[in-house]
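Undergrad: Since chain A is already given, all that's left is putting chain B on it; use the hints.
Number of protein chains: 2
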Amino acid sequence: MVEAPRVTVLAGGIGAARFLAGLQRVVPPESITAVCNVGDDLDWFGLKVCPDIDSVLYTLAGVEGADGWGVRDDTRHTLESLRALGGETWFGIGDADLATHLFRTGRLRQEETLSEATAALARARGVGVTVLPVTDDPHPTVVRTADGDLAFQDYFVRRHAAVPITGVSFPGAPTARPAPGVLAAIRDCDLLCVAPSNPLVSIAPLLALAEVDAAVRESRARRVALSPIVGGAAIKGPAAAMLATLGHDVSALGVARMYASLIDLFVLDTVDAELVPAVRALGLEAVAVDTMMVGAEGRERVARNVLYAAGFLD
Amino acid sequence: MVEAPRVTVLAGGIGAARFLAGLQRVVPPESITAVCNVGDDLDWFGLKVCPDIDSVLYTLAGVEGADGWGVRDDTRHTLESLRALGGETWFGIGDADLATHLFRTGRLRQEETLSEATAALARARGVGVTVLPVTDDPHPTVVRTADGDLAFQDYFVRRHAAVPITGVSFPGAPTARPAPGVLAAIRDCDLLCVAPSNPLVSIAPLLALAEVDAAVRESRARRVALSPIVGGAAIKGPAAAMLATLGHDVSALGVARMYASLIDLFVLDTVDAELVPAVRALGLEAVAVDTMMVGAEGRERVARNVLYAAGFLD
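Respectively, the protein sequence lines represent chains A and B.
Just so we're aligned: the first sequence equals residues 1 to 314 in the working numbering.
Just so we're aligned: the second sequence equals residues 1001 to 1314 in the working numbering.
Chain A on its own, in the form it takes in the complex:
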């Protein structure tokens, strides 16, 4: 462990979860705050499901499924029974995963906020990192497609991200307020990391809250972003296709451009080292390191690389 910098991570789902899991091996978990996207949340048969928060919690607790979703080695008895009843099961939830959604929904029904329910889940799973939803208010990501506006999971899971998109919108953004602790965590940390998450549907929803965007701009922290695009492809998820469709460069450089006014340092993977000069030409510091988070050691190595590049490790 190093002398602990206070680290805040703007987080989507799996990429952020893995980065955070590496980070908590290097920095005390109590010094880390994750500000999580809620744009992907869905109502599943009346239960509140928060896929990004859950990926973060499960991964930090070390119980995440092999592909980053749900709980490791989970069964699907309830889902199979639902299917037998003719219920819609395109969003697959395992039995142990389901307990999380019941736990959360029960607390929300008792007038707890999503922040409070999330904190209770983190305590129950022994997660030391502070995990915050960016807002306790409704703040869905809406994907615009030729088939009309779709909720994120409808686009991503039900339609396998196979419908061409024409845009992304955040209709809740004008009224959603940052959850308690979010603005302070962004302003008062030493290191603010934009996780290697989808810029358009994981990070953009966070910044769509004007107060969050302002807090990032005003933060005195060292501000670092990790590229979710490596060698022109996304490590996970639909980021590459979305970037292309919406007219962005499908490259680390394309992502760096999107963040240029918000950050100080952009971290690329070594395979993209030739893009460093172009990123620097945007007025950013840039460094190419190993960003592949394979296994616990890989995740820790990436966290160390980022801390080192940002000046928090010798």
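Just so you know, the hints here were simulated from the structure itself, not pulled from any lab data.
Be aware that a few hints might be false.
[As the list claims (entries may be wrong)] Just a few of them, taken from the derived set where beta-carbon distance is under 8 Å, the chain B residues facing chain A:
no. : residue
1   : PHE1045
2   : LEU1047
3   : THR1078
4   : LEU1085
5   : GLY1087
6   : LEU1098
7   : THR1130
8   : SER1219
[Stated by the list, open to error] One-sided excerpt, in silico: chain A residues whose CB lies under 10 Å from chain B:
no. : residue
9   : TRP44
10  : HIS77
11  : GLU88
12  : LEU102
13  : THR175
14  : ARG301
All C-beta atoms in this analysis are idealised placements derived from N, C-alpha and C, irrespective of residue type, glycine included.
TA: The following block gives chain B in isolation, referenced to the frame of chain A:
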């Protein structure tokens, strides 16, 4: 099968479910309507659980658990995970059972009524009997105890029916309206059966709706009640202790007194044959037959006994 009388059953949980299961072996299911108690319903981590309706549906579908609750041979993976999270698990729900509550809750969230959601569940399980909640409105049974007012499941399951009760109340009764089809099913049937259910917390909540009570009184059907008390004990559940505590005779005669103004014929078990004259002295017809519903054949035999006693079988 006999020439089909239209049969309506005022139903609680397990006793009613077993009687209905016998009945559908003798009368075409399409000729049978169950009007079900909803006073025991609960909100379980945000899901709507209807224990009486579910006991009826599961038993009619032939998938009920060995003790009458839940689904046969069900697993409890989600419940175990909930317990590990520190969630309250005094109301135990299995994984396949949970699918029912998700299916129902999802439909209620889409603005379906409980009647509609129940009909969808019956279709999904191939149940031919028409299963109606007595009302689509909130209509909880409240148990008054020295510890204060308790929701039914809080009293019955969480506290194991071990708290002395001082009364039962139905605060929703003044405003709850009978669900579509309920009054017609009671008025327009040939045989109206009061199932061998708890008079105080299964049948009383049905009759607590003034329109239901009036429909029973005005019905031209042959009106029959089966005693849930056999040899001075309840076949299942807390009926005996409740009757005693609230000053009723814990006997078939005590139950007959409660129904005397509503029915034509009271059916006792043969072990209570000596009570027949006392029941007749109440102005009721009375007959003692085998009412023990052990196994599918036992259930069918009881249904045949009731149909015969009521004059619908030669």
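Undergrad: Taking the least C-beta to C-beta distance, is B:LEU1098 closer than 8 Å to chain A?
TA: Hint on B:LEU1098: holds, closest Cβ of chain A at ~5 Å, below 8 Å.
Undergrad: Next item in the hint list is B:THR1078. Is there a CB on chain A closer than 8 Å to its CB?
TA: Where the cut-off is 8 Å and the nearest Cβ of chain A is about 5 Å from B:THR1078, the hint holds.
Undergrad: Hint validation: A:ARG301 versus chain B, beta carbon distance must be below 10 Å. Holds or violated?
TA: 32 Å, violated
Undergrad: Answer holds if the nearest beta-carbon of chain A is closer than 8 Å to that of B:PHE1045; otherwise answer violated.
TA: 4 Å, holds
Undergrad: Quick check on B:LEU1085 please, does its C-beta sit within 8 Å of some C-beta on chain A?
TA: 4 Å, holds
Undergrad: Is the interface hint for B:THR1130 satisfied, with its Cβ closer than 8 Å to some Cβ of chain A?
TA: 19 Å, violated
Undergrad: Minimum Cβ distance from B:SER1219 to chain A below 8 Å?
TA: Result: violated, 34 Å to nearest chain A Cβ.
Undergrad: Would the hint on A:HIS77 be counted as holding, given a Cβ-Cβ threshold of 10 Å to chain B?
TA: 4 Å, holds
Undergrad: Can the hint on A:TRP44 be confirmed by a CB-to-CB distance to chain B that is less than 10 Å?
TA: Holds - the Cβ of A:TRP44 comes within 10 Å of chain B, reaching about 8 Å at its closest.
Undergrad: Hint B:GLY1087 vs chain A: min CB-CB distance below 8 Å?
TA: 5 Å, holds
Undergrad: Close enough to count: is the Cβ of A:THR175 nearer than 10 Å to one in chain B?
TA: 22 Å, violated
Undergrad: A closest beta-carbon separation below 10 Å is what the hint needs, so does A:GLU88 meet it against chain B?
TA: 8 Å, holds
Of the numbered hints stated above, those contradicted by the structure are hints 7, 8, 13, 14, listed in ascending order.
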